[in-house]
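**Student:** Put together the whole structure using the sequences plus the hints.
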Amino acid sequence: MNSRFVNHNAPKFALSAALLLFALAFAFPLGAQTSSSGVYAIKNAKIYTLAGPPIENGTLIIQDGKIAAAGANVTIPDGAQVIDASGLEVYPGMFDAVTQMGLEEVSAVKATMDTVETGEFNPDVTAATAFNADSAHVDVTRAAGITEVLTVPGSLGGGFGGGGGSVIGGNASAVNLGGWNINDMVIERHAAMELTWPSISSGSFDLTTFTFRRLPFDEAKKQYQKKIDSLSDLLEKARHYAQAMQSGAADFPQDLKLAALVPVVQGKEPVLVIANSDRDIRNAVEFCEQQKLHMILGGGDEAWKTIDLLKKDNVPVIIGPVLSMAQSEDEPYDADYAMAGQLYAAGIKIAFGSFNTSFSRRLPQYAGVSVGYGLPREEALKAVTVNAAQMLGIDDLGTLEPGNVANVVVTDGDLLELRTHVKYLFIKGQLTSLDNKQLDLYNRFRNRPKLQSQP
Amino acid sequence: MNFENSKMHALRLIAVLAALAILPLAARAQDDSGVTLIKNATVITITHGRIEHGSVLIRDGKIADVGTDIQAPAGAKVIDASGMYLMPGIVDCHTHIAVDGDVNEGSVSVSSMVNIKDVLNPYDINIYHELAGGVVIGNVLHGSANPIGGQTIVIKLKYGAPPDDLPFPGALPGIKFALGENVKHSNFGGPIPRYPETRMGVEETIRDAFTRAKQYQKDWADYNQRKAAGEQNLIPPRRDLQLEPLVEVLEGKRYIHCHSYVSDEILMLMRVAHDMGFKVRTFQHVLEGYKVADEMVAAGAYGSTFSDWWAYKMEAYEAIPYNAALMTRRGVIVSVNSDDPEEARHLNQEAAKSMHYGDLTENEALRLVTLNPAIQLGIDNHVGSIEVGKDADLVIYNHDPLSVYAVVQKTIIDGRVYFDRAQDIAERAELAKERQELLDKEINEGKPAPRADDNENGATKSAKKPKKSHQATPETPQLDNAEIGGAR
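For the protein sequence lines, the chains are A and B, in the order given.
59 is the number that our numbering gives to position 59 of the first sequence; each next residue is one higher, with no gaps.
Position in the second sequence counted from 1, then plus 1000, gives you our numbering.
Since the hints were derived computationally from the structure, they do not count as laboratory data.
Take the hints with a grain of salt, since some may be wrong.
To be verified - 27 Å max Cα-Cα, derived DSSO-like pairs, lysine-lysine:
{"#": "1", "chain 1": "A", "residue 1": "349", "chain 2": "A", "residue 2": "311"}
{"#": "2", "chain 1": "B", "residue 1": "1433", "chain 2": "A", "residue 2": "311"}
{"#": "3", "chain 1": "B", "residue 1": "1279", "chain 2": "A", "residue 2": "450"}
**Tutor:** See the structure below:
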């Protein structure tokens, strides 16, 4: 249970803990207990390596936390724990390319939220710092086959509540969804810098008075330009700061914000720019080109209207929740469902993100719906696994090629289908429990004795 | 015909065309009052299994025949659905679409005097979007701002029909109740506090209202009795529009659909109902229904829930995606609803999740969005399954509707095609052209042209609505009134 939160019902939690221990004892089928040698052989499976065609009746070997081999004729090492996966399918674990997992527990309860700092520019904060390894979301999401996430600080384009004015939200961290604490779990602390592109917004909601305020367009444009100017200034200062560092100058004033932006202006750390409308996307792409930033577009609701520009500047897109309405009501009803297929067809690299925490587990649904509306299934699989890793420069994750980190799911069917169950899950080569808060509650109340009479 | 007449005729024609122009092309092109045969489909009847290579004959808006060997009568329109799946249209037991403006009257704790029926908007684009997701019927509810909210209505999603044609004929009206964080303003609130602010106060508000309603009922009964006995010069009780709907609840003429989350508040309302002598028809959301399913069965209450929503509020922290399956196994009649125009577009998929979470069978899963909500709304004699005599409210998918890959091809209400994907796609170029012409006209005729330093969307994009998605709605302080009052 999560010690960060008020224990509002101690006896219930105690009972739940007892059941949890009971459940853990039976969490793994016989023959698949955690291997002392750390070597696993998954045999007789259909293996989607995503680095080649699927392997029928294949064997996957996991050793020392890595994929050791995947193929039809693979010798099983002595001492390996063997999992007979007849009728099962093996995939790389899924990668939710944008979430706020670990930073958010119950979104309506402020004490459980560590998503957004106050102020416009916070390049010096880092998601991994606040990541709650014991969040119930971690276990629940993992059970759906998601083995790693990019957890992103900032407003993610939502302009409300704390940090509503946030432009640079901080460093997004890539995190495995298994381990004892963040030190175990972190893949890359500074995987990308979150930047919510400022919109020219002529309407805004004032939470203190619960009223809409309307701004004349010219006024809104001025406010927007002010933010862009501040951003440009900050990046310019970061460039000078980088020069000062490189020149070996002994004595210049330290500045944590500028220091944090050095890898960004040097193009070493990608900038995850959250922009959704056609206009915002165009402005953001042009800005990043001028500033020579390594841009990843996040959200991108209207990216289908900016395909030429994204293609020209080779900007990859982490597509926001596919199950969304079009931005304007006179657009095609399926604009969001069809976009992934359109971007792929144009040669733009895509990944899917939930842009959410409790709906992180809908990731395969987002990919599946996109397949229904035109994205090839093989590409949908890549867009929930390896593509995000590649965008972030993580080159040993997301396919089942030898040498890659063994984040692996074994399922009883198509990874993207709604009815498919995850049977086994490996993170860094460790067979990892599928137990979670929700399964625990289900088992507890499923076994409630039948009510005899109405009280 | 003289000149004046032909001019009048032309003007009338223009007026008619202008009226038609606001309808989707799909709706105006159809004239399906007659006979239609849908053939070669996998027919998912819900009540009598699946029929491979099956046919359904539609006559006068009703299902006239179901089988494998039905010949098309002369003059019948034939839809060849080879490789497709035909299912009853989806019934959404919790929606806020087709409402003209706000769905909450949040100024009072008991707002039973207001009625959603008075503010139906058949031109809400969400109706069309939901048709594109196979939805044919919606239980249009007042929001959840108040322990006792407004009156509700069941509609068919006849996009563009006159408002009076939307209500489902003969369906019992309802009233929205709500419990928990939304009515006690836990997660938001204006400057002025409002009673109730605790779950204790919520119970008291409801008990007080029914205590007054029972007195009102008795006053009228006494009056009518004395009048019938021939007493003269009687003064009738003063009519009370707030209490009348509650008397209808007491008399079984109006269903209660109660927004609820945690188990204790669900038990509370059933206790109040027992004491006061009314029934709760459905608990809506009912995310902890799995904890008190046996008690719900004993009280005859149904449950209409979400698929996998959780953790957006404290009262949703013990929500589990097994809820629908677990309540079903315990004997509750369960439906899965949307509460959101986007979520409604894939209720078939949300139903399928109960196969993953809780191992419902294929047919049990599909019942969650077809026959079960129809039972909950008391309209299962007319809709919810494919049977002879029922309304021809149908949806055609290109794959099994339990698959994530399934895409709606056609949606039919009372035998008439209201959504046709092929036609929608075919018309897009024409609509885009029309849109551009209108924009050009606006730009060229008096309106200021966009400034040189704006790109094309800056000055021209209009009618932009706040984006609605899962991300925007449950997670952020909510903007439209449905959500400020807490539609969820």
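**Student:** Run every hint past the structure and note whether it holds.
**Tutor:** Going through the hints against the structure:
1. 349/A x 311/A: Given pair residue 349/A, residue 311/A holds - Cα atoms ~9 Å apart, limit 27 Å.
2. 1433/B x 311/A: The given pair, whose Cα atoms are some 25 Å apart, holds under the 27 Å limit.
3. 1279/B x 450/A: Holds, at roughly 22 Å.
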